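Student: So the chains spell out like this:
There are 2 protein chains.
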Amino acid sequence: MNSPRTAAALVIGNELLTGKIQDANVAVLAKELFALGIALRRVIFCPDEIDTIVEDLNVLRRDHDFVFTSGGVGPTHDDVTMASIAKAFGKQVVRSPEIEALLREYFGDRLTERHLRMADVPEGAELLSSVRIRWPAVMVDNVFILPGLPHIFQRKFPLIRERLRGDAPFISRVVHTHSDEGEIAALLEQIGRDHPGVGIGSYPRWGDGAYRVAVTFDGRDSAQVDRAVEALCQALPPDQLVADPTEF
Amino acid sequence: MNSPRTAAALVIGNELLTGKIQDANVAVLAKELFALGIALRRVIFCPDEIDTIVEDLNVLRRDHDFVFTSGGVGPTHDDVTMASIAKAFGKQVVRSPEIEALLREYFGDRLTERHLRMADVPEGAELLSSVRIRWPAVMVDNVFILPGLPHIFQRKFPLIRERLRGDAPFISRVVHTHSDEGEIAALLEQIGRDHPGVGIGSYPRWGDGAYRVAVTFDGRDSAQVDRAVEALCQALPPDQLVADPTEF
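The listed protein sequences correspond, in order, to chains A and R.
Counting from 0, one number per residue, gives the positions in the first sequence under numbering that gives the first Met the number 0.
Counting from 0, one number per residue, gives the positions in the second sequence under numbering that gives the first Met the number 0.
Simulated from the structure, these hints should not be mistaken for lab results.
Any given hint might turn out to be false.
Same chains, same names: a pair is fine if it fits in one copy or spans any two.
Restricting the straight-line Cα-Cα distance to at most 25 angstroms, the calculated cross-link-like pairs of lysine to any residue (SDA-like) are [unchecked claim]:
{"hint": "1", "residue 1": "86", "residue 2": "98"}
{"hint": "2", "residue 1": "90", "residue 2": "157"}
{"hint": "3", "residue 1": "86", "residue 2": "189"}
{"hint": "4", "residue 1": "30", "residue 2": "148"}
{"hint": "5", "residue 1": "90", "residue 2": "166"}
{"hint": "6", "residue 1": "30", "residue 2": "150"}
{"hint": "7", "residue 1": "30", "residue 2": "20"}
{"hint": "8", "residue 1": "90", "residue 2": "242"}
{"hint": "9", "residue 1": "86", "residue 2": "191"}
{"hint": "10", "residue 1": "86", "residue 2": "58"}
{"hint": "11", "residue 1": "90", "residue 2": "51"}
{"hint": "12", "residue 1": "30", "residue 2": "48"}
{"hint": "13", "residue 1": "86", "residue 2": "233"}
{"hint": "14", "residue 1": "86", "residue 2": "188"}
{"hint": "15", "residue 1": "90", "residue 2": "100"}
{"hint": "16", "residue 1": "30", "residue 2": "108"}
{"hint": "17", "residue 1": "30", "residue 2": "149"}
Quick caveat, the model's predicted, so the values are computed rather than measured.
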């Protein structure tokens with residue numbers, strides 16, 4: 000199987016770095032990319048500063064097949080994502096007639112010059128939209144520009160899913176056990192060595208006794224993943240396996 | 000007032016990048032640092048890979064006064080934080096007698112050699128503990144090493160708070176308005192120019208009509224912050240101010 004395509008996310012906003020808001024987009028993006036067979040390798044949270052965004056974006060887009068930005072796309076002074084991405088690519092910001100028309104329709108008489116700033120995109124940007132999702136997602140080269148508000152971030156994602164579909168998805172299996180991590184650590188290491196295409200994770204649970212550790216097996220070849228799962232289930236004493244776990 | 004000390008976080012774990020778990024530590028850390036008057040400037044999420052962690056950590060610790068790591072400190076193969084941090088500093092990993100004693104007491108007869116790996120720390124690490132918080136937080140130079148499990152991350156934080164206390168805290172005020180962002184964008188930009196020590200953020204709310212935008216004012220000089228708040232409240236038509244907002 001070919002190596003997975005790689006991705007990074009740049010999550011932009013002082014509100015996250017000052018603890019006003021907890022990010023909710025990374026987990027959504029991570030799940031989506033996993034299902035698309037794309038490996039999310041790095042996430043950076045950075046402040047609303049053009050030079051910082053340019054620096055981080057340029058590193059991320061150099062090292063990954065795709066970059067997703069979240070946040071900073073409104074009409075106020077702290078919305079500097081479009082200007083920053085344009086600068087990172089050495090392009091101008093230009094007004095998109097397509098987005099301008101949507102804004103004029105949406106705001107009607109209340110429209111201000113500032114609202115129209117939401118129609119500004121880096122020169123040469125591609126707009127992804129559909130009959131059902133009229134407000135476009137904006138794409139510049141390998142960078143997808145998404146808003147920070149979680150429900151809008153999610154609402155636009157189908158446009159990107161459509162665009163990136165094609166690879167074998169990652170799948171994940173989980174085995175829950177009453178054993179603790181210290182008891183199974185050597186075994187997991189051995190199973191990892193025996194099943195090189197499978198990523199094994201070990202996550203202890205604190206508190207109640209439903210299970211002590213969730214062991215996850217990730218990969219894009221389901222037969223390989225199943226063999227690794229089977230190796231653990233065979234090696235553990237049967238009374239250490241949890242038959243009906245309540246959650247991950 | 001002196002410039003704030005700066006910080007970054009390195010959040011380590013495949014589980015976050017594959018969407019299995021949503022990070023909860025960044026928001027907690029961000030709030031804590033804000034109250035300590037320390038500016039959290041960057042967060043990176045990276046996978047459980049020694050070379051990646053070394054690379055990211057070295058950039059973050061070069062550019063910030065403090066770095067906080069979260070995750071990767073258990074006994075299994077995917078717990079590589081201590082080895083990575085040691086490598087980043089060019090140090091060996093050594094067994095801490097203090098943590099070993101705690102592990103022996105905690106696990107008793109169930110102790111395995113693998114459990115003892117949780118006593119391994121970079122050479123020269125300082126252990127922060129107290130009578131009430133016996134399991135130490137580990138510190139190497141300007142790097143604080145914290146576990147990924149949110150309740151343990153939080154339980155150890157008082158040790159760090161004690162260590163870093165001293166600067167004027169950041170404070171934040173919020174004004175809620177019925178105006179939308181396009182209507183107040185120019186005004187906010189002007190207030191920002193007039194109050195250079197105050198960081199102004201504009202956060203639209205979608206959905207119900209309690210308010211349209213939350214405008215936040217952050218700074219370490221409360222009189223300065225109050226003046227910026229006052230400037231907005233004076234400039235907005237009174238009927239655009241929300242007297243009793245329900246939430247941020």
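Student: Looking at the structure, which of the earlier hints fail to hold?
Tutor: 2, 5, 8, 13 and 16
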